[in-house]
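> Go by the hints and put chain L with the ligands onto chain P.
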Amino acid sequence: MDNENEFTGADILLKALKDQEVDTIFGYPGGAVLPIYDAIFGQNFLKHVLVRQEAGAVHAAEGYARSSGKVGVLLVTSGPGVTNVVTGLTDALMDSIPIVCISGQVPSHLIGTDAFQECDTTGITRPCTKHNYLVKDVSKLSETIHEAFKIASSGRPGPVLIDIPKDVQFAKSKYISKKDISFREHRIKAGSKNVDKNFVQELVNHIKKSERPIFYVGGGCLNSGPQASQELIELVNKTNIPITTTLHGLGCFPGEDKSSLGMLGMHGNYEANLAMNKCDLMINVGARFDDRVTGRLDAFSPDSVKFHIDIDQSSINKNVKVDFHTNTDITMTLKEINSFIESNNIELEKKDYTNWWGQINDWRKKECLHYEQGEEIIKPQHAISRLYDLTTQKDTFITTEVGQHQMWAAQYYKFSKPNRWITSGGLGTMGFGMPAAVGAQMANPDSLVIDIAGEASFLMNIQEIATAVQYKLPIKIFILNNEYMGMVRQWQELLHGSRYSESYVDALPDFKKLAESFNAVGVRAKNISELDDAINEMVSIDRPVIADIWVDKKENCFPMIPSGAAHHEMLLSKYDKENPENQEKGKVLV
Amino acid sequence: MSSTSVYPTPINAFKQSKRSVLSIIVDNEPGILARIVGLFSGRGYNIEALNVTVVDIKNNLSRITIETLGEEKVISQIIAQLEKLVPVHSATNLANLSESYEAEICLVKIEFDNNEQDQKILNFADIYRSRTVQKRQNIVVYEISGTSERINKFLDDLNTIGGIKVELVRSGPIGLGI
Ligand SMILES: Cc1ncc(C[n+]2csc(CCOP(=O)(O)OP(=O)(O)O)c2C)c(N)n1
Ligand SMILES: [Mg+2]
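Those protein sequence lines, which keep their order, are chains P and L.
Counting in numbering that gives the first Met the number 0, the first sequence runs from 0 upward without gaps.
Counting in numbering that gives the first Met the number 0, the second sequence runs from 0 upward without gaps.
For reference, chain P alone in the conformation it holds in the complex (with noise of 0.2 angstroms):
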């Protein structure tokens, strides 16, 4: 019986896309999802990105999400499609980006059979999704991609997977569209409605009495939305607090602004440490207590008060205990605690802090990120600061893959807004930026997009080269090539007595050529004197570029809080030498 109001599953999904003004999917076909790329076929609201792996459709989906602050959404057959998009949903989950992930499965018949390439999809992304779901009922399909789509954005946004059988993807039912569901609210956990002003009195109080307070703020203030930063920079140059951010916080305040003491953490700013370490108030805003920030817990900021404000109630007191917490939206609360000051005339133009900043700037005269650039080989970190100074007037979004070129990025480039930073922290995937840069630059189309990369972590996902040509992305691709895994050979040379165990990698492939054969454009910088005209001409062409830069290959990244070690006993350059106590427990850790 054809009904005229019934659609196939297929259609239903493509509707329901259309309804959540999805515009873009990033996908490879497969058996399993075949009505749906038949669907696809026929329309023209949606904009497929044929990727070369699955991986790179995930990570796509992750950069066009950070880049646009919508949710990512990609499309992956079952079996093998599916599970090479198990690191990427992981990858999603840890750093909290909200992804929708399609994918086919067998006819339900036929579940539970070995049938071909069937596996248990539900089974193996339950733990590296925040929610998925096996649709056998078709009329179901309309509600759960629009939860799906609920989900994957509200609280703390992560990655979410639907998975479809082919049959379910064949049969009819009626749509119904989002704004006709009515969202179960214990499903959807986005965090207390109300803003804790209680919370808010007593930060304010302790904000007046405070001596020595912190500004420490992570990916939350990003994921909060763009109002977030601006509360944040409000509420900063109210109170005329320092601050410093994690990996993912790097842009919610302008990094070159006197306040900001840069990251924090492992490879972070000397004065961003220290301050941690000796502040006698610490306002967290949207970051977890991540090991890379904390370092040794027990030696963790000894002195402070600590405030936390974070959507996520399983992110408060998990590695740190804190003193006041609220599990509000940041924006919210920010803009509440602006103005309560404001509407109570508090008066913190008096506190200038002057001892507290005489104090930091004292650290700061270290000149932790100080780097001798010589005549000949380019310093990883120079070629770094010379992309920030020829890219910084433009409209810029940084990726980056994982190692030591990801830490110098963090470091000597500077963000003024959020979501302009893309990497990976939590996972720490190799192989994510170049695919991630595909998908920022398809959010972006006008923009300038470099992925800051290693060699070894490019040629993780090197195909996505063809999917940059094939759609006309003029990504970037930055490599600091310095012929190792840099940062395993650096942990080889300061915990395993410089044994280059496997770190070295061989048999490299001529960038520059590979660029060519992909019908991309190859550009290389051997020395110093090269290096202006590589970014200069890199930037120049609207092509995929792939910038082979040569750099000092023993160079390491400083200053660096070794595992197991406290804020206080980083090591801020090659010649400080770790106490060996904590060498051997730090060995054991990551």
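Hints were generated in silico from the structure; no laboratory data involved.
Using N, Cα and C, we set each Cβ at its ideal position, and we do this for glycine too.
All clues stand as given, with none of them false.
Under the rule of at most 20 angstroms between Cα atoms (straight-line distance), these lysine to aspartate or glutamate pairs were calculated in the DMTMM-like manner: (1) P/207 with P/346; (2) L/17 with L/47; (3) P/135 with L/28; (4) P/317 with L/71; (5) P/196 with P/311; (6) P/139 with L/28; (7) L/72 with P/290; (8) P/317 with P/302; (9) P/416 with P/388; (10) L/83 with P/311; (11) P/317 with L/82; (12) L/57 with P/184; (13) P/135 with L/26; (14) L/72 with P/322; (15) P/69 with P/394; (16) P/208 with P/351; (17) P/139 with P/18.
Which bits of chain L does chain P cover? Going by a derived footprint, with three or more residues having C-beta under 8 angstroms, they are: (18) 22-35; (19) 70-81.
Listed below are several chain P residues computed to face chain L (Cβ distance under 8 angstroms; list not exhaustive): (20) 125; (21) 126; (22) 130; (23) 150; (24) 186.
Quick look at chain L with the ligands alone, frame taken from chain P:
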């Protein structure tokens, strides 16, 4: 205690730990138990006992009761993690309620050889007011309910009788706040 497992026995690892009974209300949907059990194993928490049944057919709700061991900080983290799961309505540590009651049910099958044993068994069964489910010549099956502690005591007492064979099944504790 000798163990054939490659894992250390948890007894010593949980010296600081307190026993807690968690009561969790969830949407009764496929995979919900796997989500909860996966959360415990994935994060290294302990499940001592687990019980799950639909309790509200109209609203399709199940109640899951989990007995776990952990320091207070760990138990709070478990609750926070449970409450993040989409189908979870609420997760409560019964110990945090001002008033709550616990019960467990146990079926014990006892095989015995002689009259003396039979008399001792009967005596304990009587003291603990266990219900006789079935009695054959050399076999008796009792049903006993109450707190887990009470059941433990009953079983300890039975174990003082030499030469009998005991097989049993326990529901694990269930509990309700008032
Ligand atoms: C998928 C994956 N495998 C292994 C690692 C461990 N790891 C961290 S950094 C690194 C080396 C990265 O080398 P490269 O991309 O050349 O960057 P560099 O450190 O040299 O800048 C490795 C192997 C990882 N983070 N991700
Ligand atoms: Mg390298």
